[in-house]
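K.L.:
Spelled out from the first residue to the last, the chains are:
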Amino acid sequence: MATKTYIQAIAEATIEEMERDKAVFTMGEDLRQSVYGATAGLVERFGEDRVLDTPLSENGFFGAALGASLCGMRPIVETVTSFLWVGMDQLISQASKMRYMFGGQAELPVTFRVRMFYARGAAAHHSDRNYPVFMNTPGLKIICPTNAYDAKGLMKTAVRDNDVCLLFEDGIALSSRMEVPDNDDLPDGELLVPFGVANIVQPGSDVTIVGIAGGVQHAIDAAKVLEAEGVSAEIIDPRTLVPLDTDTILKSVAKTGRLVVVDPAHKMCSAGSEIAAIVAQEGFWDLQAPIQVVASEQINVPYSPALEPLIYPTPEKVVAAIRTVLD
Amino acid sequence: MALDKQQLVEMYRRMCRIRYFEEAVIEIHSSGELIGPAHPYIGEEAVAVGACAALRDTDRIAGNHRSHGHPIAKGGDVNRAMAEILGKVDGFCKGKGGSMHLADFSIGILGESGIVASSVPIATGAALAAKLSKQDFVSLVFFGDGASNQGACHESMNMAALWDLPVIFMCENNGYAITTSYKNSVSVDHVSDRASAYGMPGVLVDGQDAIAVWEATNEAVRRARAGEGPTLIEAMTYRYEDHSLGLDKIRKSEYRSQEEVDEARTRDPLPIHRSAMITHGFATEAECDEIEATVQTEIDGAIEFARNSPFPKPEDLYDDMWATPV
Ligand SMILES: Cc1ncc(C[n+]2csc(CCOP(=O)(O)OP(=O)(O)O)c2C)c(N)n1
Ligand SMILES: [Mg+2]
Chain A
14 MATKTYIQAI AEATIEEMER DKAVFTMGED LRQSVYGATA GLVERFGEDR
64 VLDTPLSENG FFGAALGASL CGMRPIVETV TSFLWVGMDQ LISQASKMRY
114 MFGGQAELPV TFRVRMFYAR GAAAHHSDRN YPVFMNTPGL KIICPTNAYD
164 AKGLMKTAVR DNDVCLLFED GIALSSRMEV PDNDDLPDGE LLVPFGVANI
214 VQPGSDVTIV GIAGGVQHAI DAAKVLEAEG VSAEIIDPRT LVPLDTDTIL
264 KSVAKTGRLV VVDPAHKMCS AGSEIAAIVA QEGFWDLQAP IQVVASEQIN
314 VPYSPALEPL IYPTPEKVVA AIRTVLD
Chain B
24 MALDKQQLVE MYRRMCRIRY FEEAVIEIHS SGELIGPAHP YIGEEAVAVG
74 ACAALRDTDR IAGNHRSHGH PIAKGGDVNR AMAEILGKVD GFCKGKGGSM
124 HLADFSIGIL GESGIVASSV PIATGAALAA KLSKQDFVSL VFFGDGASNQ
174 GACHESMNMA ALWDLPVIFM CENNGYAITT SYKNSVSVDH VSDRASAYGM
224 PGVLVDGQDA IAVWEATNEA VRRARAGEGP TLIEAMTYRY EDHSLGLDKI
274 RKSEYRSQEE VDEARTRDPL PIHRSAMITH GFATEAECDE IEATVQTEID
324 GAIEFARNSP FPKPEDLYDD MWATPV
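Protein chains in written order, with this note's numbering: chain A, 14 to 340; chain B, 24 to 349.
Hint data in this document are derived by calculation from the structure and do not stem from the laboratory.
Yeah, the Cβ is synthetic: ideal placement off N, Cα and C, and Gly gets one too.
Hints are not guaranteed to be accurate.
[Claimed, not checked] Subject to a maximum C-alpha distance of 30 angstroms in a straight line, what follows is the list of computed DSSO-like cross-link-like pairs (lysine-lysine):
#, chain 1, residue 1, chain 2, residue 2
1, B, LYS206, A, LYS35
2, A, LYS237, A, LYS268
3, A, LYS110, A, LYS268
4, A, LYS154, A, LYS110
5, A, LYS268, A, LYS280
6, A, LYS330, B, LYS336
7, B, LYS206, A, LYS280
8, A, LYS330, A, LYS237
9, A, LYS110, A, LYS35
[What the hints assert, rightly or not] Here are a few chain B residues that face chain A, going by a calculated C-beta distance under 7 angstroms:
#, residue
10, ILE58
11, ILE326
12, PHE334
13, TYR341
[Claimed, not checked] Ranges between beta-carbon positions, derived for each pair:
#, chain 1, residue 1, chain 2, residue 2, range
14, B, LYS206, A, ARG58, 22 to 28 angstroms
15, B, HIS213, A, TYR113, 41 to 47 angstroms
16, B, SER219, A, SER106, 51 to 57 angstroms
17, B, GLY324, A, PRO151, 52 to 58 angstroms
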């Protein structure tokens, strides 16, 4: 077993899936020079036809990926959260609706790999954490891997899935490194992580913390601080937001009686607020304190290094929220 | 109409201002004082300066992520530009926008966009306002060869031509969109060839020659003011530095060769303008040296100003969100 970074895990998943299935190809901006780090060497290995550098035309090439998928191809599209806005017509009007609208005829095996940069001085146009927008749209699968193992396993599952998958690559998790088994070490010879199965990052009994994307790391850091005070936190990483493993979350809340959700998206209509709503409706009688959602401020991302760090969840904010529910 | 001595000298001053400003930004970035992305305009100065020399203060401009040159060419204050890039309260946008989003509405700079091509419709709308309200201003938008492939760009050009809007589409063709070459991303030889598809003039110009850019823009502005509609200008230029500061890990030798960069550097817009002025007797060597020295002092002052300007306070976070606070 070797340790790998999140980006290496994504790159490995891409190569394995392209080797396995000729229908898989990649498209996006500046892939051949691997500007975003996960596509180095692909063109040398698979040739220009399967590693397409597209013009700067997100709505166009998102749609072209969808069209190709209707006719037997399985595109992997690389982009960035903030550039999804340019392709919204294809994502919302076509990707999410075609299959249902056409009575189940359409098969859309497209994986959008969406890099999510934030908290690094890139200002409002390059810092979107917009997965909740797509949760609000029926018909799209939303994947948020938070470590290298899940990145590889979920990515491979996404490429094989016959629906449109949006896989959000969190900027905080990108630099993380962990052991990812090589295929030879695995009984089935492949690392596949199923959708809709949460990961219990650590078991605990006093409070449930659900972390989303980069929020998982904040949850881990906060739990460490409170462990010293004798607080036992159960940390849950849903891994996929659509489908969402509500059972695991509700079972945990039934045990702990307290819930804190950590979500780097803006708070209003966030993944965090959705999880809070589900637990309020279905787990109300298990709760011993009001649910706390630690999410980003409801304000556009300011550029100044004096302001930007104020808006996101931090381990300190998570610690404060945990104290509130334990009070 | 031709440019007079005063205008030519002012153009040189602004080109130097952009060049030295960018050199300062590169230095500040490498020292770690600036963490976010910043896209140097070095090598392309003649485009912004030539274009803005044909505009009045009341005319509007909009631009893109390679954003420092456009506002400086339009007459933007370098102190406030530098303060914005350092995220300080005295910046154009009080530190909320940063490097990619310089804007000074008081002198017609409607803002630079980090989302590629996103400001092309905005400039088109500014021209629509001029037409509808019968105000005497034109609008000019700077965008790249890469941006020319966005739907927003094509849709804007069609509307502008359809409605005879007073807008100038100024394409800065520097040959690349990050690492993607022009020939790998555009289906025709020149962006300006596309103008005929919309029924407007398409003009190809040497973007290293500020006077040539001025001439093309001046004619486009004349047309716009006369109600004759939009013009698409393609200025051939070259980016001397990396696409963005902090992106130096890109396999740069592989997307463009060192020979190509060296060759492009032989057509540096600053010496080209300087020697044109001297050859035609508009300025002496000594006058040019003097301009360069004065501008360098100005930029040193801008760094000083920006460093001394305070950061915004936490309580400023929610300011500027609404016209009528909720
Ligand atoms: C919609 C969108 N897609 C992708 C990007 C990432 N990006 C930033 S600059 C750039 C290249 C722009 O090329 P061009 O328009 O030619 O301008 P240049 O950088 O060459 O000045 C890209 C792809 C972006 N900012 N916005
Ligand atoms: Mg370009």
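K.L.:
Each of the hints needs a verdict: does it hold here or not?
P.N.:
A quick look at each hint next to the structure:
The suggested pairing of B/LYS206 with A/LYS35 holds, with an alpha-carbon distance near 27 angstroms, which does not exceed 30 angstroms. Between the alpha carbons of A/LYS237 and A/LYS268 the distance comes to roughly 20 angstroms, so the proposed pair stays at or under 30 angstroms and holds. A hinted pair counts as satisfied when its Cα atoms are at most 30 angstroms apart, and A/LYS110 with A/LYS268 does not qualify at roughly 39 angstroms. For the given pair, A/LYS154 sits about 12 angstroms from A/LYS110 by alpha-carbon distance, which is consistent with the 30 angstroms threshold.
Annotation: proposed proximity of A/LYS268 to A/LYS280 holds, straight-line Cα distance about 26 angstroms (limit 30 angstroms). As the CA atoms of A/LYS330 and B/LYS336 are separated by approximately 19 angstroms, the hinted pair is consistent with the 30 angstroms bound. About 44 angstroms separates the Cα atoms of B/LYS206 and A/LYS280, which puts this hinted pair outside 30 angstroms; it is violated. Restraint check for A/LYS330 and A/LYS237: the C-alpha separation of about 14 angstroms stays at or below 30 angstroms, so the hint holds.
For the given pair, A/LYS110 sits about 27 angstroms from A/LYS35 by alpha-carbon distance, which is consistent with the 30 angstroms threshold. Using the Cβ-Cβ criterion of 7 angstroms, the hint placing B/ILE58 at the interface with chain A is satisfied: the shortest such distance is roughly 4 angstroms. Residue-level restraint check for B/ILE326 is violated (minimum Cβ-Cβ distance to chain A is 17 angstroms; threshold 7 angstroms). Proximity of B/PHE334 to chain A holds as hinted, the smallest CB-CB distance being about 3 angstroms (cut-off 7 angstroms).
The restraint placing B/TYR341 at the interface with chain A holds, with a minimum CB-CB distance near 6 angstroms, inside the 7 angstroms limit. Take B/LYS206 and A/ARG58: their Cβ atoms lie about 23 angstroms apart, and the range 22 to 28 angstroms holds. The given range of 41 to 47 angstroms is respected by B/HIS213 and A/TYR113, whose C-beta atoms sit roughly 44 angstroms from each other. In this structure the hint that B/SER219 and A/SER106 lie 51 to 57 angstroms apart at CB is violated, the actual value being about 31 angstroms.
In this structure the supplied range 52 to 58 angstroms holds for B/GLY324 paired with A/PRO151, their Cβ-Cβ distance being about 57 angstroms.
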